[in-house]
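*Asks:* Let the hints inform the model, and build the full structure from the sequences given.
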Amino acid sequence: MENLIALLIAAPLLGAAVLLVGGRRLDAVGQWIGTLLSTTSFVFGVILFVDLLGRNTDDRTLIQHLYTWVPVAGFQADVTFRLDQLSMTFVLLITGVGSLIHLYSVGYMEHDERRRRFFGYLNLFLAAMLLLVLADNYLLLYVGWEGVGLASYLLIGFWQHKPSAATAAKKAFLVNRVGDMGLSIAIMLMFTTFGTFAFGPVLSHATDASEGRLTAIGLMLLLAACGKSAQVPLQSWLGDAMEGPTPVSALIHAATMVTAGVYLIVRSGAIFNAAPDAQLVVTVVGAVTLLFGAIVGCAKDDIKKALAGSTMSQIGYMVLAAGLGPIGYVFAIMHLVTHGFFKAGLFLGAGSVMHGMNDEVDMRRYGGLRKYMPVTFITFGLGYLAIIGFPGLSGFFSKDKIIEAAFAKGGTEGWILGTCALVGAAITAFYMTRVMLMTFFGEKRWQPDEHGHEPHPHESPKVMTIPMIVLAVGSVFAGGFFSIGDRFLHWLEPITGHSEGDSPISAGVVTGATMVCLIIGVGIAYLQYGRRPVPAVAPRGSLLTRAARRDLLQDDFNHVVLVRGGEHLTRSLVYVDHTLVDGVVNGTAAGFGGLSGRLRKLQNGYARSYAVSMFGGAALLVAATLLMRAV
Amino acid sequence: MSFPLLTATAVLPAVGAVATAAVPAARRTAAKWLALLVSLATLVLAIVVMVRFDPGGARYQLTESHAWIADFGVRYELGVDGIAVVLIALTALLMPFIILAGWNDADPLETGSKRWRPTQGFFALILAVEAMVVISFEATDVFLFYIFFEAMLIPMYFLIGGFGDRAHAQGEEAASTQRSYAAVKFLLYNLVGGLIMLAAVIGLYTVAGNFSLAEIAQARANGTLHMATSTERWLFLGFFFAFAVKAPLWPLHTWLPNAMQESTAPVAVLITAVVDKVGTFAMLRFCLQLFPEASKWATPTILVLALISIIYGALLAVGQRDIKRLVAYASISHFGFIILGIFAMTSQGQSGATLYMVNHGISTAALMLVAGFLISRRGSRLIADYGGVQKVAPVLAGTFLIGGLATLSLPGLAPFVSEFLVLVGTFTRYPAIGIIATFGIVLAALYTLVLYQRTMTGPVKPAVSAMPDLKARELLVVTPLIVLLIFLGVYPKPLTDIVNPAVKQTMSDVHKTDPKPAVEAAK
Amino acid sequence: MNPVYYLYLAALLFTIGATGVLIRRNAIVVFMCIELMLNACNLAFVVFSRMHGNLDGQIIAFFTMVVAAAEVVVGLAIIVSLFRTRHSASVDDASLMKL
Amino acid sequence: MSTAAVHSLWTTAAEPISKIPTPKIEYGQLSPTLIVVGAAIVGVLVEAFVPRKSRYYAQVFVSAVALCAAFAAVVALAADGYGTTKAHIAAMGAIAVDGPSLFLQGTILLAGLVGLFTFAERRLDPEAHGNRVDSFAAQAASVPGSDSEQAAVKAGFTTTEVFPLLLFAIAGMLVFPSANDLLTLFVALEVFSLPLYLLCALARRKRLMSQEAAVKYFLLGAFASAFTLFGIALLYGYAGSVSYATIAQVVDGSVTSVDPALANTMGNDALLLIGAAMVVMGLLFKVGAVPFHMWTPDVYQGAPTPVTGFMAAATKVAAFGALLRLLYVVLPGMRWDWRPVMWGVAIITMLGGAIVAITQTDIKRLLAYSSIAHAGFILAGVIATSKDGVSSVLFYLAAYSFVTIGAFAVVTLVRDAGGEATHLSKWAGLGRRSPLVAAVFAVFLLAFAGIPLTSGFAGKFAVFKAAAEGGAVPLVVIGVISSAIAAFFYIRVIVLMFFSEPKPEGPTVAVPSPFTMAAIGVGVAVTLVLGVAPQYFLNLASQAGVFVR
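Residue numbers (UniProt numbering), protein chains in the order written: chain L, 1 to 631; chain A, 1 to 523; chain B, 1 to 99; chain H, 1 to 549.
Honestly, I wouldn't trust all of these hints.
Said to hold, decoys possible - Which stretches of chain A does chain L cover? Using the computed rule of at least three CB atoms under 8 Å from a CB of chain L, they are:
1) 318-325
2) 421-432
3) 458-468
4) 510-519
Claimed, not checked - The list that follows gives simulated cross-link-like pairs (lysine-lysine, DSS-like), each with its CA atoms no further than 30 Å apart:
5) A/K461 - L/K162
6) B/K98 - H/K503
7) L/K601 - H/K503
8) H/K86 - B/K98
9) H/K206 - L/K601
10) L/K601 - B/K98
11) L/K371 - L/K462
12) L/K462 - L/K444
13) L/K162 - A/K391
14) A/K471 - L/K162
Bear in mind the hints are in silico, worked out from the structure with no lab data behind them. All of these numbers come straight from a predicted model, not from anything done at the bench. A virtual CB, placed ideally from N, CA and C, is assigned to each residue, including glycine.
*Replies:* Written as structure tokens, this is what we have:
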């Protein structure tokens, strides 16, 4: 059975290779090859899942050793895959959602002449992502980690002729590189600490190492997670990443890749458990990001950017949960899965809307679309209800658990984190309602674009709606299905471990509070966008609003400090290299030249002056000889 | 007396060089084919060497030894260890691609320009360089090594100064002056380095009485040859200076950008991917082996310099306007990594450094040659003159991107393995340096992606709108390199297996052992 | 009378000759000063041979004269040809080649 | 000095002095020199009796035969073991027949032969009125630009006297390094100097410069030889003899029988030191060491190029030979006095020569300064004061002389309307106009620069190695630095030849006769052979490394 694991990765990898090398002759069928292979991978996943279910809980870990990768003295890196409950969950999510989005893209990218390459990249992404979650050691994980980074770079910048897209892609890759730096340092630390970086030994011996080292490793892993999962302070790339085609945003920047950070933290749970300080930092980052993302989400008029903010915020929830340790791991992953469903659904919905609106993304140009695209409206609506945590839907279960867990951390942190989570819930309700209202309700606000084309909103073709429907179903029922009888908990517990924290307040109270926040959020949104018409041009807005529109100025900070500063540094260095380092050498040469020119003058052509020099020389010679004898 | 395989590997290209030069001027194409065939034959020999080499066997294998200049205590001694084997293989491997890529670079200019580019000479010189590089990898006699280490400057010098790019932004005159400036700079830097090394070589003789690497190392090991600490340090510095110029290490690097900028892409590859490797290789073989104590004494300084090279080179690469200059500074940064790995004095570091030499050779070749194809199409080296190429020449852009990704050592491509090994190797002994060096990977991403974005993406510049995509010959050059990059990235074991024993030896030369993991140390 | 004085005289003559070479312009005069230096040497030789009581010095003196004579032949030939070309025997005029 | 003492002086002198013994001369061992001298005299007779038309051929034939015969004689002597076991002092202590002198004589003879080839070249200059002409004045006596000169040219006169002059010079040079007493040294010095003075004046083109060169060379040379002579006098006064052996004994005090009356002359160190310094100065003048070098550039530039080539090579060989013998045989006792001084001279010579050369614009002057720098390198070997030092210097001289003659021979080929085009600017793009010549010249330049695989490198390595072993490490370092500086201007010329655009009115490269071709060919061959496989010659040199005392 183990041997299937490699096939999980091989299928999409093959697809990528075929599509990218295949050349024009595959243009016609490219999309189907891609979809087929990702689905194949999904099928393999299901087979393995069934197999795992067939086993009893303590023997649900499959290891496949392919070959030794880098053997140097003590440094032994193998290509080994590990399939356990945790990675299985991800495999299903990735291949499942992935295949749906492939299908959706078939419709969405229909008119793009570079479609073949697009599907090649998507397959490449799937392969890398699967490698990431299936790797049995951190170095191999790192390969997947940067692999998805590459895929995301290629896909964000897919429309390269748009400078904005190219820039966004570059930015994403760079910010991720900063995170990757963390991961590589973490791996080095592990190597110096444990002499290896394979999951098994590292995680089992974690407790042997000093807490200081573990904290260091933990923080470095967190840095990596921040980069990949767009957590503060490395979140800046996610908003710009929306330059990519919408399916990409749905798959990579909502459902799967951005959650890799959560996977990393949960996977390294053993290390974090032994490093409480690191855990605390993780929770703080999570809390900050969930508020940050939510606030940003409130201010954006670009539907995709609003959703991106929401993604950031939701992942904040997951990171927060992951930071809580055994109390939260399971719920982090559970929220991750449910979020995968409804956020992918929301993005596909947004894509469908844009599809019908000549790629218009400004929500102020939407309005009243429910009449024109009912399916999109319904699926999007279900996703909406799920994300705000409407009772009974997926989001309700997963988010509620996280809030409970936050309080359960106990102590003042408990209260603070819990409160943040609650507030976040309220804001989520607000901005999602805002999106909903601005897009589907009110009267139509769209106008002809610069070419004078009046957009004709219309429902998207089946190939696009079906995936949306499937995901909608998922976002409705997944949460409930997982929670009833704690199915999900029992499924993951062997890997992540689980402990009920001692919550200062009962679960019921938390749920109540959440409901209250939910109502407040929706209420305010309704008052602001439901009652009175939405202005076609954004009002100046409060200071906070304006800050939020500019990603709370965090981007401007980067621009001023890093970009400008960097430019100045490099420019001055170029100058230094030319004038100083080079100058010294050229200067020496010139110096000799000048000296030569001066000495040359002595050769003035007069025989008598030559005689003088000879005479002087003779005198010197004599004097020196005598002197030598004297001393 | 078995067949002198190593000599043959070096002599074949030398003979080929003479033969190529002898081809009558009219038969230009014949000369090209001859050169190509010779380089391929040499590649075959190099592969035979690789096969015949037994990683588990003696330190130096396939050895040859003949009397040469007894008065100077010089013998003609050849022998290869794992490190030399892979580097010879790299050299022999790159040559056919260099020749193929430079196929038309030395054709007479159809335009009315007065410039003179003897085709035969171009290929003859390339082969001559190959011969000298190969033999300096093989030499186990310090003097023999030194002779070719120096002599190879001459053909390189003519290659740089004699054959620039076809077209040039500032026109013929400026071009020729800049070219000869670059050539002279290259020669003088390396010559000064070499002469200072000459002093050290003489010093070594006065101390040791012969030049045989094995004998000296032996004598040092068993104490029969004692070196005063100060003597050893001076000699070490003398040797290291020459290698540091060649490598090049900050602040002795400024010749490289000029040289690579002014020479044609294949020659630039020859410089940075092949010739410069002799410097780093010599650090491993001569500095560490002959002067272990001094090496350890100098390590902190060298590590800092290497660190500066990494960061400084990367930052300057970011600031460049000229594609070739950018690649040159990137190489400076990479050489920083190599030297870092060598002097970290850990198995991972040194194996990594050796792999790095190979991988950097291949990746730079890929990037630079594609860049060369790009430049030859537009006739300008300035990044600003390009834009949107990806739209008109997707294959070119794709290969360029892969080359770039290799340069920023993306996991899955060969350079990643070596770079990570170097970093780990450094980190295990000098955590702080290891961490700072890691910033290099971010900067690498920066300059590569900026280069790609500015040249390949965005709206199509009118000047490139008619740019043709890669031709068959060019694909023939690039594809194997890319395949190799991927293969060595996924499965570097064949190389590491050859390299590891040699590194083990070097480690024992300097009496160093890898640091133990903290957990084990605690127990 | 102490022969050492002759040595002093020889040294003096030699110095006078050298000075002449350094300060006189006319090639002939310069050349004569050189001859003077040679003769100073001769004097020294003779004196020393006297002091040592062997004849080598005096023989050497004869050799020197012969050599000096040969020099005169060659020297005059050269100087005269120069003079005929330039109509001046000043060594300072002959300074085409410099730097 | 007490009157009695003085009186005793006079009385001792009054006694009848010992008879001069009839000299006993080993003609066999002196044969090389004798052959050459004889040939020179024959040459003079040829001038007198052979009709003008056929003089040239007769002279070339005689000289060539003589030089070959002399070289054969040298080889025979060496083979006979006179270089090593049978080495001894011949001709009543006047001439030493030992390794160094034989080696150097061999070198000089070969250099002379190659030089003769360049002298005999008659194809470079365009034929004047149907007569083939060489690079020497038609009639040296005629005033430049005068009718008489025109007439001489029309009549097709050539100065075939150069061949006997060459032979005389060579003869002097043969004696110079093997001279074993100061008198012989001095006579030899003059014997090879005087012909050279004349040869310098005999250029066919640019006669003014040629004459000027001759005047400068002659006056300064005579000036220097005056110093030498005075030094000799003082040494004689010091030791009471001019024979090397005796002086050496007195220097290291093995002669104790000092007449008290001579106390203030015999063994008076002032005399020794001053005298030694002055003699050494004379030799340093000949090798062109700073600060006695100033004649070199002017003379090298003005003299007919074949003469320059021969002079640059052979004079250095002979002079360094003499210097070695003087320092190693006569003055080893006062090594601690002259070594530091020589250090100084070597240093300023190396640096001075290299630095001033950087800004030269005339190829012949450039080579002159480079020859000065090389003199510095050789001095480094001289200072080693070891057997290795001697052999390394011998090797260096052998290697250097052929490179030099070859280089100057190439210079004779590059011509324009005004004869040889020696200004560097005219050499621009030569590599393109005639790649072969440029390549050959590049080889010579690289050898000068001491690039490996050329004789220059082997020589430099040998010398520096000897110096380092002699404990002169700083000297080696400075030598290395100055060779780096020197490399700069050699490279400049190469750049000029290969990388810069040829001038439209640039010079043409004349097609030489087999003579010059042979000269250049020999130069290249020796350069490469000594570079790649120097072992045999190093053996030769090290066998020849011992002086007989």
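*Asks:* Compare the structure with the hints numbered earlier in the document and write down the numbers of the violated ones, lowest to highest.
*Replies:* Structure breaks hint 8 only.
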